[in-house]
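Protein chains: 2
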Amino acid sequence: MPGLLLRDGRPWGTGGPTDLLVSGGRITKVGPGLAAGDAEVVELGGRLVLPGLVEAHCHLDKTLYGGPWRPHSAGPALADRITDERLRRAELGLPDPARVSALLETMAAAGTTHVRTHTDVYAGFPGGRVAEPPARGAVPTVTAGTGLTGVEVVRDTAARLAGRITVEQVAFPQSGILTNPGTAALLEEAIKLGVHAVGGIDPAGLDRDPVRHLDVVFGLAERHGVRIDLHLHDPGSLGVFELELIIERTRAAGLAGRVTVSHAYALGQADAATQDRLAEGLADAGVTITTAAVFDFPVPPVKKLRAAGVNVACGHDDIRDLWSPYGSGDLLDRAMHLAYRSAFRRDEDIELALEAVTYGGAKALGLAGYGLAEGSPADLVVVDAETPAHAVVTRPPRDLVVKAGHIVARTDALSRPPRG
Amino acid sequence: MPGLLLRDGRPWGTGGPTDLLVSGGRITKVGPGLAAGDAEVVELGGRLVLPGLVEAHCHLDKTLYGGPWRPHSAGPALADRITDERLRRAELGLPDPARVSALLETMAAAGTTHVRTHTDVYAGFPGGRVAEPPARGAVPTVTAGTGLTGVEVVRDTAARLAGRITVEQVAFPQSGILTNPGTAALLEEAIKLGVHAVGGIDPAGLDRDPVRHLDVVFGLAERHGVRIDLHLHDPGSLGVFELELIIERTRAAGLAGRVTVSHAYALGQADAATQDRLAEGLADAGVTITTAAVFDFPVPPVKKLRAAGVNVACGHDDIRDLWSPYGSGDLLDRAMHLAYRSAFRRDEDIELALEAVTYGGAKALGLAGYGLAEGSPADLVVVDAETPAHAVVTRPPRDLVVKAGHIVARTDALSRPPRG
Numbered sequence: 001m002p003g004l005l006l007r008d009g010r011p012w013g014t015g016g017p018t019d020l021l022v023s024g025g026r027i028t029k030v031g032p033g034l035a036a037g038d039a040e041v042v043e044l045g046g047r048l049v050l051p052g053l054v055e056a057h058c059h060l061d062k063t064l065y066g067g068p069w070r071p072h073s074a075g076p077a078l079a080d081r082i083t084d085e086r087l088r089r090a091e092l093g094l095p096d097p098a099r100v101s102a103l104l105e106t107m108a109a110a111g112t113t114h115v116r117t118h119t120d121v122y123a124g125f126p127g128g129r130v131a132e133p134p135a136r137g138a139v140p141t142v143t144a145g146t147g148l149t150g151v152e153v154v155r156d157t158a159a160r161l162a163g164r165i166t167v168e169q170v171a172f173p174q175s176g177i178l179t180n181p182g183t184a185a186l187l188e189e190a191i192k193l194g195v196h197a198v199g200g201i202d203p204a205g206l207d208r209d210p211v212r213h214l215d216v217v218f219g220l221a222e223r224h225g226v227r228i229d230l231h232l233h234d235p236g237s238l239g240v241f242e243l244e245l246i247i248e249r250t251r252a253a254g255l256a257g258r259v260t261v262s263h264a265y266a267l268g269q270a271d272a273a274t275q276d277r278l279a280e281g282l283a284d285a286g287v288t289i290t291t292a293a294v295f296d297f298p299v300p301p302v303k304k305l306r307a308a309g310v311n312v313a314c315g316h317d318d319i320r321d322l323w324s325p326y327g328s329g330d331l332l333d334r335a336m337h338l339a340y341r342s343a344f345r346r347d348e349d350i351e352l353a354l355e356a357v358t359y360g361g362a363k364a365l366g367l368a369g370y371g372l373a374e375g376s377p378a379d380l381v382v383v384d385a386e387t388p389a390h391a392v393v394t395r396p397p398r399d400l401v402v403k404a405g406h407i408v409a410r411t412d413a414l415s416r417p418p419r420g
Numbered sequence: 421m422p423g424l425l426l427r428d429g430r431p432w433g434t435g436g437p438t439d440l441l442v443s444g445g446r447i448t449k450v451g452p453g454l455a456a457g458d459a460e461v462v463e464l465g466g467r468l469v470l471p472g473l474v475e476a477h478c479h480l481d482k483t484l485y486g487g488p489w490r491p492h493s494a495g496p497a498l499a500d501r502i503t504d505e506r507l508r509r510a511e512l513g514l515p516d517p518a519r520v521s522a523l524l525e526t527m528a529a530a531g532t533t534h535v536r537t538h539t540d541v542y543a544g545f546p547g548g549r550v551a552e553p554p555a556r557g558a559v560p561t562v563t564a565g566t567g568l569t570g571v572e573v574v575r576d577t578a579a580r581l582a583g584r585i586t587v588e589q590v591a592f593p594q595s596g597i598l599t600n601p602g603t604a605a606l607l608e609e610a611i612k613l614g615v616h617a618v619g620g621i622d623p624a625g626l627d628r629d630p631v632r633h634l635d636v637v638f639g640l641a642e643r644h645g646v647r648i649d650l651h652l653h654d655p656g657s658l659g660v661f662e663l664e665l666i667i668e669r670t671r672a673a674g675l676a677g678r679v680t681v682s683h684a685y686a687l688g689q690a691d692a693a694t695q696d697r698l699a700e701g702l703a704d705a706g707v708t709i710t711t712a713a714v715f716d717f718p719v720p721p722v723k724k725l726r727a728a729g730v731n732v733a734c735g736h737d738d739i740r741d742l743w744s745p746y747g748s749g750d751l752l753d754r755a756m757h758l759a760y761r762s763a764f765r766r767d768e769d770i771e772l773a774l775e776a777v778t779y780g781g782a783k784a785l786g787l788a789g790y791g792l793a794e795g796s797p798a799d800l801v802v803v804d805a806e807t808p809a810h811a812v813v814t815r816p817p818r819d820l821v822v823k824a825g826h827i828v829a830r831t832d833a834l835s836r837p838p839r840g
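Protein chains in written order, with the working numbering: chain A, 1 to 420; chain B, 421 to 840.
Check the hints yourself; a few may be wrong.
What the hints assert, rightly or not - Derived contacts from chain A toward chain B, CB cut-off under 7 Å, selection only:
(1) Pro71
(2) Leu87
(3) Asp296
(4) Tyr326
(5) Arg341
(6) Ala343
(7) Tyr359
(8) Glu386
Unchecked claim - The following residues of chain A were derived to be distant from chain B, with all beta-carbon distances above 10 Å:
(9) Trp12
(10) Gly25
(11) Ala35
(12) Arg88
(13) Ala184
(14) Arg223
(15) Ala307
(16) Ser324
(17) Ser342
Unchecked claim - A few chain B residues facing chain A, derived, Cβ under 10 Å:
(18) Arg501
(19) Asp716
(20) Arg765
(21) Ile770
I should point out that these hints are in silico values taken from the structure, not numbers from a laboratory.
Please read these numbers as outputs of a predicted model, since none were measured by experiment.
Ideal Cβ placement from N, Cα and C applies to all residues, glycine included.
Build out the structure end to end from the sequences listed, making use of the hints.
Spelled out as structure tokens, the structure:
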């Protein structure tokens, strides 16, 4: 297959315009004035080149993306949203391959080359009980589990888009593990179907027994060699305690680089000294923090975490689903939200948000060779922006998207000089 | 002049498609199946019609919009930004009519028909002192005042765009009034030049004497019959106290409907009982709260304020200037940020954010007859969205913008059926 010669791009972190030669799905050469040989030449006109964007946290199986507008139907509490989803997902035909596909197409066109998605995997409640914080006395009405349907739908839909975007799944016990007997076994079946990671959710606040919840999650990860990505919404000192448990257990299991905590609101709420202590622990244990900077929820202290050596990734969380009507699928948009909520004004700070949707996500997912170096997989996106920070602020069109060496999307703008 | 017949629009998404007849700058008739006469017919195909968007708080005189990317140059503290701006505005040629014009063009094309902008008006510091919170010992380096240059530049630039977008100015003492002798007189000169409102800024935190600061601001408003729009960033109980003073003074001066407090972070920070008490006072006194929902600053409790009868408006605050590199000039984008930070998920809640950039802003500015009724000024914007909430979430292109009965912007999409 003839390759691509990307002429006069400005790869993030380098000086003046240079060429990138792409062949066999990899960036084989970077430098000025490269010979094209039989490669197709694409003139970038000095545009900015970023590595392919990495969506580190979303829920493809829940999405209504691309369908008609569905006014949000749940009440204000978390338990309302859990119950509402359990009630309505069958009615709305979720997970819906057409919706998943529509969202992945949008993501790919917007420069996302890799996606980690949390797919609901939970058992039914034969007794009629819905997993809810016990303080709330809502009537349990929905008892069906997900089985492995979500995992299969996402897997099969992603397979049809292979080569355009890479999807890896986390088996996600949305309704608890311990409080939802049968879910641990389902998680194990999901792993056997090929999911890359096992998830967890509020080991204390939702599942009521943090240590035994982590026993199950870490046990599955260790037995099957998969990664871990836990949802942690628990606030305040409870959330801090759980972060400590996760740090200790990651160290003990020797899983540095293979464990992610998503959301970690408690980290954003903690006082400065506690943040410092946790940042040191997370860095030392090799635990990634993934944030989505959604709504008004606390955002972890990205700059402090990065300064301490903690890997930080970013994703959308919900996109146009029964949990949230918002979300575009555009990771530059999401990076803007993260930078904005972090009150990042200076270029070097705003770049931290861009790093979260690129290198940070790649590290969380364990993508080998990720980047724009010679030998890296040829996953990249080209935008008309002066600097990486400028790209985050303005979120310009993706003029060219290359995945595994193939052009996935391009705009007419490439035939014109950049706006500068 | 022949008018316009807008065929098959859905005003604010309520009820079925209807026609709007526009003539002499007004909406003269609303109803199905209207006769066009000699009016130009524009088929809306069932699209959503909103009244013209109202930008209730921005700083046109500071903007670098449309120019090259300028990495943020100030340090992290508020005083750093004040000093940085005083240092760099001359170097960058601010206020710059070309930048102001570029931003107003973008706003108009995005459906904004009215703008309230705060224009810096402050005296120089002959002694070399820069107004700063006294706790901070930064070296005073910039001593020049603004004179009335900003007011004139904005006035003249807006005049060139008259008919496309209406701009009103607030004379804004960015560097204080009491602590910056000569500024009160300048504010009075600005009023004589035709500004619509007099501003203020942190009467306690910045200007060090809340009562006398309000004496000056309210005194000018009463003597000259202009409106008031005060910046209030002061946090916590200090900000609450200042809100109380403003409520009391608005009542005493009989200025209901003519006073706005912008930002009011303290209102977002207060406990529920204090919020309730202030909401009642603000409603009773007729004080508008304008929020921009920027960065991670506290957002006033929009739903609670509206339920109590308080008028709420919204604007961008800084747009691509020395204070903030962010901002698009698109008020649907800004409404999304407000809805998002308010964690509004349900349609009826998300609509509150849209109301803030339409009816709420119109009320703050005192726009007579504003809306989509027969007799209203023909200021409106048409988008391809199913509901008002859908428009906030997706921020679709503005397919048609009409200002004072004239078409300001239209897209090719109008020739095609809506996506639905």
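Each hint tested on the structure:
For Pro71 (chain A), the suggested interface contact is upheld, since its CB lies about 4 Å from the closest CB of chain B, less than 7 Å. Given hint, Leu87 (chain A) at the interface with chain B, is violated; its Cβ is 16 Å from that chain's nearest Cβ, farther than 7 Å. At about 5 Å, the closest approach between the beta carbon of Asp296 (chain A) and any beta carbon in chain B falls short of 7 Å, and the interface hint on this residue holds. At about 6 Å, the closest approach between the beta carbon of Tyr326 (chain A) and any beta carbon in chain B falls short of 7 Å, and the interface hint on this residue holds.
Residue-level restraint check for Arg341 (chain A) holds (minimum Cβ-Cβ distance to chain B is 5 Å; threshold 7 Å). Annotation: interface hint on Ala343 (chain A) holds; nearest CB of chain B at approximately 4 Å, less than 7 Å. Taking 7 Å as the C-beta contact cut-off toward chain B, the hint placing Tyr359 (chain A) at the interface is violated, the least distance being around 21 Å. The restraint placing Glu386 (chain A) at the interface with chain B holds, with a minimum CB-CB distance near 4 Å, inside the 7 Å limit.
The beta carbon of Trp12 (chain A) is kept farther than 10 Å from every beta carbon of chain B, the shortest such distance being approximately 15 Å. At roughly 33 Å from the closest C-beta of chain B, the C-beta of Gly25 (chain A) stays outside 10 Å, upholding its exclusion from the interface. Residue placement check: Ala35 (chain A) keeps its beta carbon more than 10 Å from all beta carbons of chain B (closest about 33 Å). Distance check on Arg88 (chain A): its Cβ is at least 14 Å (rounded) from any Cβ of chain B, clearing the 10 Å threshold; non-interface status holds.
No beta-carbon of chain B comes within 10 Å of the beta-carbon of Ala184 (chain A); the shortest separation is about 32 Å. Interface exclusion of Arg223 (chain A) from chain B stands, the closest Cβ pair being 39 Å apart, more than 10 Å. Even its closest Cβ contact with chain B, about 14 Å, leaves Ala307 (chain A) beyond 10 Å, as expected for a residue assigned away from the interface. Not every CB of chain B lies more than 10 Å from the CB of Ser324 (chain A), the least distance being 6 Å, so the non-interface label is violated.
Some Cβ of chain B comes within 10 Å of the Cβ of Ser342 (chain A); the nearest lies about 7 Å off, and the non-interface call is violated. Against a cut-off of 10 Å between C-beta atoms, the interface hint on Arg501 (chain B) holds, since the closest Cβ of chain A lies about 9 Å away. Taken as an interface hint, Asp716 (chain B) checks out: its beta carbon lies about 5 Å from the nearest beta carbon of chain A, inside 10 Å. Hint status for Arg765 (chain B): holds, given a least beta-carbon distance of 4 Å to chain A, under 10 Å.
Taken as an interface hint, Ile770 (chain B) checks out: its beta carbon lies about 7 Å from the nearest beta carbon of chain A, inside 10 Å.
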